[in-house]
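Okay, here's what each chain looks like letter by letter:
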Amino acid sequence: MSRYLILIILNAPLVIAGMLNALVSYKTGKINCKRATVQFIIWVIILAGIVSVKFIYEYLFSNHLTQTEPLSLFDVIEITGIILILFIANRTRIKLENLERTVYDIHQELSIRTSLEKKK
Amino acid sequence: MKNGSQKKIGIVIPAYNEEKEILNVIDNVNKKFKGKFSSYNIIVVDDGSDDETAKLASKTNAVVIRHILNMGSGRATATGLSYAYQNNFDVVATLDADGQHDPVDALTGINILIDKNYDLLIGSRLLDNTGMPTAKIIGNKGLSFITYLLFGINLTDSQSGLRIFSKRSLSELKWKTSGYEFCSEMLWRANQLNLKINEFPIKAIYTEYSMTKGQNNWNAFNIIRALITRRIVELFGE
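First to last, the protein sequences are chains A and B.
Here our numbering is used: the first residue of the first sequence is 32, the next is one more, and so on.
Here our numbering is used: the first residue of the second sequence is 246, the next is one more, and so on.
One chain only, chain A, in its complex shape (with noise of 0.2 Å):
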């Protein structure tokens, strides 16, 4: 399968779920029609950039404009790096998860012991 091919494939859901989100957004009255444009403009031109990066990367190649090593050492450096950013992402948002369910909870205990005190 060529290369191209998978990278619209692996990429197509992502953009459709951001026409989506759009859609959804402007329906459920959380964006007006003007700012619905926009994000749904942003990701069809994305869209149309996955489809056609074969010609893009033809055109740049053809023209000297993209000549990388197959693995440098600044690759591995960026590919650990991006992995570590993703650790830590996911450590923080289970330590936000908890601080919210802590908040949650507060408020829960608050919500019912101010209502029944001012009932006394």
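It is worth saying that the hints were derived from the structure and are not from the lab.
In this text, all values refer to a predicted model and were calculated from it rather than measured experimentally.
Glycine included, every Cβ here is placed at the ideal spot set by N, Cα and C.
Check each hint, because a few of them may be wrong.
The calculated lysine to any residue pairs, modelled on SDA-like cross-linking and capped at a C-alpha distance of 20 Å, are [said to hold, decoys possible]:
1) B:K419 / A:K149
2) A:K58 / B:F466
3) A:K58 / B:A471
4) A:K126 / B:V478
5) B:K419 / A:L130
6) B:K421 / A:N129
7) B:K304 / A:E131
8) A:K149 / B:N332
9) B:K304 / B:G293
10) A:K150 / B:S327
11) B:K361 / B:N443
Which chain A residues face chain B? A few, computed with CB under 10 Å, are given here [what the hints assert, rightly or not]:
12) L41
13) K61
14) I125
15) T145
16) S146
Place chain B on chain A using the hints.
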């Protein structure tokens, strides 16, 4: 061991800006529950409404808990159930505040739960969907299918607001989401806890008012997104 009629029953009604309907709902519950159980309490959880919902409900026999902030339907339900647990209720039913549910169905569900020893009983509008708008049928069937795909729970109406909880459910069942997606997440958590879950048929009353409240089909996409996110992120740890 208490028999069915001796059990302490709670009816939790999460409400947000429901001043038009809340008194009718409370009145209906009182009419249908009076004399059926030795003790029943109505618990209205006002989720930070801007209108007179809490004030009106306070004039009745209901216990009114007022959320300081608007936290969403999931958190309002959790607050009601937490109150019921703290006050030693045996069985609790949740009802929507828009008048969509007939309290007789809650009564039926409570009796089924007690008789069959279930932990969580869902009132399904789709076991007999006569009179239900087609858009609602499609939306609810779609969300139930997504719930099945993501969490492996095969129920016909995963989004129903009429639910009956046993004492064990009150003490153990917790969920993380705060919006309408809590309906599906609750089933997932119940399944993880090996609670005995089942469903029973109910009739939903669709009035012009109740159609304007609750979930619209477009919101289903937000629910699906939240559920998928929750399913994926929990792969990386809770």
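Status of the hints after comparison with the structure:
Note on K419 of chain B and K149 of chain A: the hinted pairing is violated, with a Cα-Cα distance of about 27 Å set against a maximum of 20 Å. Annotation: proposed proximity of K58 of chain A to F466 of chain B holds, straight-line Cα distance about 11 Å (limit 20 Å). At most 20 Å may separate the alpha-carbon atoms for a hinted pair to count; K58 of chain A and A471 of chain B meet this at roughly 17 Å. For the proposed pair K126 of chain A and V478 of chain B, the alpha carbon gap of about 13 Å is at most 20 Å, so the pair holds.
For the hint pairing K419 of chain B with L130 of chain A, the CA-to-CA distance comes to about 16 Å; that is within 20 Å, so the pair holds. Proposed proximity of K421 of chain B and N129 of chain A is supported: the alpha carbons are some 10 Å apart, at most 20 Å. Straight-line distance between C-alpha atoms of K304 of chain B and E131 of chain A comes to about 33 Å, which puts the hinted pair past the 20 Å bound. For the proposed pair K149 of chain A and N332 of chain B, the alpha carbon gap of about 18 Å is at most 20 Å, so the pair holds.
Simply put, K304 of chain B and G293 of chain B have alpha-carbon atoms about 18 Å apart, close enough for the 20 Å limit, and the pair holds. Of the pairs offered as hints, the one joining K150 of chain A and S327 of chain B holds, with about 18 Å between alpha carbons and a cut-off of 20 Å not exceeded. For the proposed pair K361 of chain B and N443 of chain B, the alpha carbon gap of about 10 Å is at most 20 Å, so the pair holds. Among the interface hints, the one on L41 of chain A is violated; its C-beta lies about 16 Å from the nearest C-beta in chain B, farther than the 10 Å criterion.
A distance limit of 10 Å between C-beta atoms decides the matter here; for K61 of chain A the minimum to chain B is near 9 Å, and the interface restraint holds. Look at I125 of chain A: its Cβ gets to within about 6 Å of chain B, closer than 10 Å, so that hint holds up. At about 7 Å, the closest approach between the beta carbon of T145 of chain A and any beta carbon in chain B falls short of 10 Å, and the interface hint on this residue holds. Taking 10 Å as the C-beta cut-off, the interface hint given for S146 of chain A holds, the closest approach to chain B being about 4 Å.
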